[in-house]
Amino acid sequence: MSGPAAVPDPAAPLTPSGNLRRRQAVSKLTEYAATGAAVLAVGVLAIVIISVIQRGASAISFDFLVKGGPDGIGPMLVGTGVIVGVATLIAAPIAILIALYLTEYAGQRFARAIQMTLDVMNGLPSIIIALFIFGLLVVGKKQSGIAGSIGLAIIMVPLIARGTQEILLLVPKAQREAADALGVARWRTVLTVVLPSALGGIATATVLAVARAAGETAPLLLASSTFDGSSYHLNPFEALPNVPIRIFQLSEDPNPEAVAEAWGLSLVLVTLILIASLSARVLLARSKRKMGGS
Amino acid sequence: MSAAESPVMRPRARRRRGASSRRKRFDRFGDAALRGICILAVLLAGGAIFGVVYEVIDGARPAISQYGLGFLSDTAWQPNFNEFGAGALIFGTLVSSFVALAIGAPIAISIGLFLTLLAPAGVRGVVAPLVELLAAIPSVILGFWGIIVLAPFVRDTIEPFLNGTLGFIPLFGEPQTTGSSVFTASLILTIMIIPIIASISRDLFQAVPRDVQDGAAALGATRWEVVRGVVLPSTSSGLIAASLLGLGRALGEAIAVAQVIGAGSAIHASLFMTGDTLAARIANEFPGALTEMHQSALFYCGLILLVIGLASNLLAQMIGRRFGYAGGAMR
Amino acid sequence: MTSYGNGSDAPSRLRLRTDGPPPAGQVPGVAPPPEEAAQPSEALLPEAVFDAQQVAVFYGPKEALTDVSLKIRRGQITALIGPSGCGKTTFLRSLNRMNDSVPGFRIGGKILYHGYDMYAGNVDRVEVRRRIGMVFQKPNPFPKSIYDNIAWAPRNLGLRSGLDERVEKALRGAALWDEVKDRLKDSAFGLSGGQQQRLCIARAIAIEPDVLLLDEPASALDPIATGAIEDLMHSLKGRFTIVIVTHNMQQAARVADRTAFFSLQAGGAGAKPVGTLIEFDDTQAIFGQPRDPRTRDYVSGRFG
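Protein chains in written order, with the working numbering: chain E, 1 to 294; chain V, 295 to 625; chain P, 626 to 929.
This is chain E alone, in the form it adopts within the complex (with noise of 0.2 Å):
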C-alpha cells in the first residue's frame, strides 16, 4: 500500500525526493563505469602503438629497410608483399563472384546457407588453415609463397565478400531495372553498370583485407617459414621471406639485437596497416556518397 512515501509532496521542491538520491549516485556510478572501460581501450591502444614507435623508430632507418638481414628487412617487405599480392590475386575474384551470385542470383535459401558459410570460413582458426595448407600443399614437397598466399587467401575471401556485398546492395535499384527495361542482358547491366559503380566499395573491401592479411602469421607458419631473409626472393614457389614470421621469430630470441629488428618490423607494418585502415575509409566515405546521390 503506498505510504507517505510513496507520492511526492507536489509542493516540495523539485530536488530528488524519496530513494531517487541514492539511485541517481548508482547512475551516476555506472556512467563512470562505462566512460572508464571506454578510456581502457583508448589507452590500451595508445600504449601499444607509443610502444611500437618509441622502441620501433631508433631501429628504423633507409640501410634497414632496403638491405637483407640481418641488417634490414627489405627482403621481408618484398616477401610479404609478394604473399600479400598473389593472395589478393586470388581472393579477390572469387569473392566478388560469391558476392555477386548473393546480390543478384541467389534465392532465400541458398543465400542463407552461402551467408553461412562465409561466416565459418570468417570464424576459422588461423592455425587451422596453416595445418590445412601444410596438407594440401606442403606435406612431402616443400614450402612456397604461394601455398601460404592461398591460406592468406581463405582468410580474405570473407571479409571481401562481405565489403562487397555491402556496396552492391546500396547500389540503387532503378539501375539495374532500367537496364532490364531497355532490353539489356544480365551479364553486360552487372559488368557495366553495377559493378563500376560498386568499385569504391569493392576497393575498399580489399584494402582492409589486404590489411588484415599483411599481419596473419599462422597460415604463413607452415608454408613459408623456413626462408633465407639476407637476401631478395621474389619465387613465389619458394619460402618467401616475410614480416610476420620474422617477427614472430625474433620474439623468441632474447638478444637486444633481435629486440630491435622485431619492433622496427612491428613498427613498418603498423604504419603499413594503420594507412591502409585509414585510406580505406576515406574510399569508403567517398564511395558512399557517391552512391547516395546518383
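No lab work stands behind these hints: they were computed from the structure.
Only a predicted model underlies this, so the values are computations on that prediction, with no experimental measurement involved.
Hints may contain errors.
Claimed, not checked - In silico DMTMM-like links for lysine to aspartate or glutamate, alpha-carbon gap of 20 Å or less:
1) P:LYS897 <-> P:ASP907
2) P:LYS806 <-> P:ASP789
3) P:LYS810 <-> P:GLU793
4) P:LYS794 <-> P:GLU855
5) P:LYS810 <-> P:ASP835
6) E:LYS173 <-> V:ASP508
7) E:LYS28 <-> V:ASP508
8) P:LYS862 <-> P:ASP840
9) E:LYS142 <-> V:GLU586
10) P:LYS763 <-> V:ASP508
11) E:LYS28 <-> P:ASP789
12) E:LYS141 <-> V:GLU586
13) E:LYS141 <-> E:ASP228
14) P:LYS810 <-> P:ASP773
15) V:LYS318 <-> E:GLU257
16) V:LYS318 <-> E:GLU177
17) P:LYS794 <-> P:ASP856
18) P:LYS763 <-> V:ASP505
19) E:LYS28 <-> P:ASP811
20) P:LYS769 <-> V:ASP508
21) E:LYS141 <-> V:ASP352
22) P:LYS735 <-> P:GLU688
23) P:LYS794 <-> P:ASP840
24) P:LYS769 <-> P:ASP749
25) P:LYS769 <-> V:ASP505
26) P:LYS763 <-> P:GLU793
27) E:LYS142 <-> V:GLU579
28) P:LYS862 <-> P:ASP835
Stated by the list, open to error - Stretch by stretch, here's where chain V covers chain P in the computed footprint (C-beta under 8 Å, at least three residues):
29) 819-833
30) 862-868
31) 906-913
Cβ coordinates follow ideal geometry from the N, Cα and C atoms, glycine included.
Could you slot chains V and P onto chain E? The hints should help.
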C-alpha cells in the same frame, strides 16, 4: 529473369534477324557463363571448408587410432617418448578463453553503452574508430608487445597485488619469473576480443527503439534504470551471440598466446603459472615436429580445436539469427 | 459548465498571482492578445499546477514555438488542439522535460510547476518525470509481462510492498483489469493496440503522479479503442491533472475543461512560420464563441 523486349525493337530485329539473334544467343551464353562462374566461386568456398575439415581429420587419423579418446584427458606430453595427451591443452584453452571473456565482455558491452547512450557525437566519432583500430593490430605484434612490455608489468605489479590481496583463492598463486602465464595470455586475448564484442554491442544498442526508452524515462527512471530495465534485456540474446563470437576468436588464437603463455605442460590451479592451449601448442611445436606421430598428435589437437571453434561459431550464428541480429559478424 | 475539480489545497500553500485583472476595456472587432480570457479572481480557481510564461522553444537555431503563456489548473483536463506541426507536442514534452534529450533543445521564458521554475539548475529531471507522467502517441509497452510493465517503475521507486494491489488498482484505473486479470504474466505484446495503450496509461498512473500528459493517446487506435480511452479520461479526471494533445476536435470538446488552440504564425522578416498559442479558454467558449478568427476557422473546419 530475362530481358524484356520492347515492341519498338521488333521491326528492326526483323530486318537484321541474323545479327540480332546471334547477339541474343551470345547474351544468353553470357548470362549463363556469369552465373556459372559465380556458382563455381561459391562451390570453391564451400569446398575449401570441406577441404579444411578433411585435411585435419586425415592428418589426425594416426594419432586417433593410437591414442583414441584418452587423448582428451591425458596430460602427459613427451614427444621423445611418443606420449601425447591434450588434457592440459584443452584445460588451458578453455581457461584462458573464458577468463578473457569474463574480463572482456563486460568491458566491451560497457563501451557499447558508452558509444550509444553516453558519448556526444564528437567523442563517439573519435572513440569508435579507435576501438576498431585495436582489432587491426596483428596478433604477432600484440604478442611481441606482450612479451616485452605487458608480461614484466603483470609479473611485477598485477600478479603480486592479486596474490597479496586475494592469494587465498587458488587462482591467484605465486607469480612466475618471466611473467609468461595463463593470466598474461588471457589479458592479451581480452584486448583482442574487446573490439569484436564492442562493435556488435554498439549496433545492438543503437537498434533499441527510441520510444520504449522514452517510455521508461517518462516513468521517472534514472539512465541506468532505463539501461537495466529496457536496453539490456531487449538485446540480451544478441549480446550472448556477440560474446560467443569473441569466445571463438579467443579459442583459436595461436600466435599471440604462443608468445606469452610459457608453453607449460601441466594443469595448475593458479592463473599465474605457465600453461598452453591447443592452438599455441600447434604453433610452437609443429614447425619442429619431426616424427609423423608428433605431427599427427598436433593434427589431433587441431581437430579438437576445430570442433570447439565450429561449435561456438555455429551457436553464435544460431542465436544471432533467431533473435534478429543478421549475422553481420564480419567486421 | 466549467468544473473546477477538487482543488482542496492546504491554505498555507503558496499561490502565485501572475495574472492581474483583465484589461479594462476591449477594443471591439480586434482579437484580444493570446492569453486567458477574463477569469474569476484567482482565489476561486483551482491552483495553477503549470504556469507557462512566454515560453519559446528552439531546436538549435530554429524556433519551433514562441510566446506561449497559459496556466494549467489542478484537477482539470486541458486540451491542446491545432493543426500539425504547430508545437503542441513540443510544448507538452517541455512540461516534463522530455525535450531535454533532443539535440539542440533550448527553452526561453519560464515554466513554473507549483511555483518552481522547472528548468532551474537544481531541478532533477528524473524527479520531474516521477511527478509528471506521460503517455505517448504510439503504445510503447516494455518487452515484459503485463504485470512487470506496471510493476517496473514502482519497483525502481522502492515501492515493493503491496505491489499486487498497486498493479490491480492501476489496471482498474485504466479500465483494463477485467480483460487481463487472468493473464498478468503474459507478454504485453499479446495485447491489442487499444489494450496496449491502456496498459501504458495504467503504467503511468501506477506510480501516482501529480500530472498526466497525454500525447494524442488515441490517434494510433481504432474508433472503438478511442472511445474507451475517452471514457477513461473522464474517470481519471478528478484524480490527476491532465493535459492532452489531440488532433480530434470532437474529442477535445467532449472531454476537456479548458482548451488551448495552437497554430502557426508567420515568422518576422520572411522567416519560417513558428508555432504559437492563439487562444486559450473554457472549452465551451473555444468551440462556441471563439474570439480569434483563426480559432473560428479551425474550429469550424475550414482548414486543418
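Hint check results:
no., hint, verdict
1, P:LYS897 <-> P:ASP907, "violated (30 Å)"
2, P:LYS806 <-> P:ASP789, "holds (11 Å)"
3, P:LYS810 <-> P:GLU793, "holds (13 Å)"
4, P:LYS794 <-> P:GLU855, "holds (19 Å)"
5, P:LYS810 <-> P:ASP835, "violated (28 Å)"
6, E:LYS173 <-> V:ASP508, "violated (36 Å)"
7, E:LYS28 <-> V:ASP508, "holds (19 Å)"
8, P:LYS862 <-> P:ASP840, "holds (16 Å)"
9, E:LYS142 <-> V:GLU586, "holds (16 Å)"
10, P:LYS763 <-> V:ASP508, "holds (12 Å)"
11, E:LYS28 <-> P:ASP789, "violated (31 Å)"
12, E:LYS141 <-> V:GLU586, "holds (15 Å)"
13, E:LYS141 <-> E:ASP228, "holds (18 Å)"
14, P:LYS810 <-> P:ASP773, "holds (8 Å)"
15, V:LYS318 <-> E:GLU257, "violated (68 Å)"
16, V:LYS318 <-> E:GLU177, "holds (19 Å)"
17, P:LYS794 <-> P:ASP856, "holds (17 Å)"
18, P:LYS763 <-> V:ASP505, "holds (8 Å)"
19, E:LYS28 <-> P:ASP811, "violated (34 Å)"
20, P:LYS769 <-> V:ASP508, "holds (16 Å)"
21, E:LYS141 <-> V:ASP352, "holds (17 Å)"
22, P:LYS735 <-> P:GLU688, "holds (16 Å)"
23, P:LYS794 <-> P:ASP840, "violated (23 Å)"
24, P:LYS769 <-> P:ASP749, "violated (28 Å)"
25, P:LYS769 <-> V:ASP505, "holds (15 Å)"
26, P:LYS763 <-> P:GLU793, "violated (23 Å)"
27, E:LYS142 <-> V:GLU579, "holds (18 Å)"
28, P:LYS862 <-> P:ASP835, "holds (12 Å)"
29, 819-833, "holds (count 4)"
30, 862-868, "violated (count 0)"
31, 906-913, "violated (count 0)"
Figure legend: structure checked against the earlier numbered hints; hints not met, in rising order: 1, 5, 6, 11, 15, 19, 23, 24, 26, 30 and 31.
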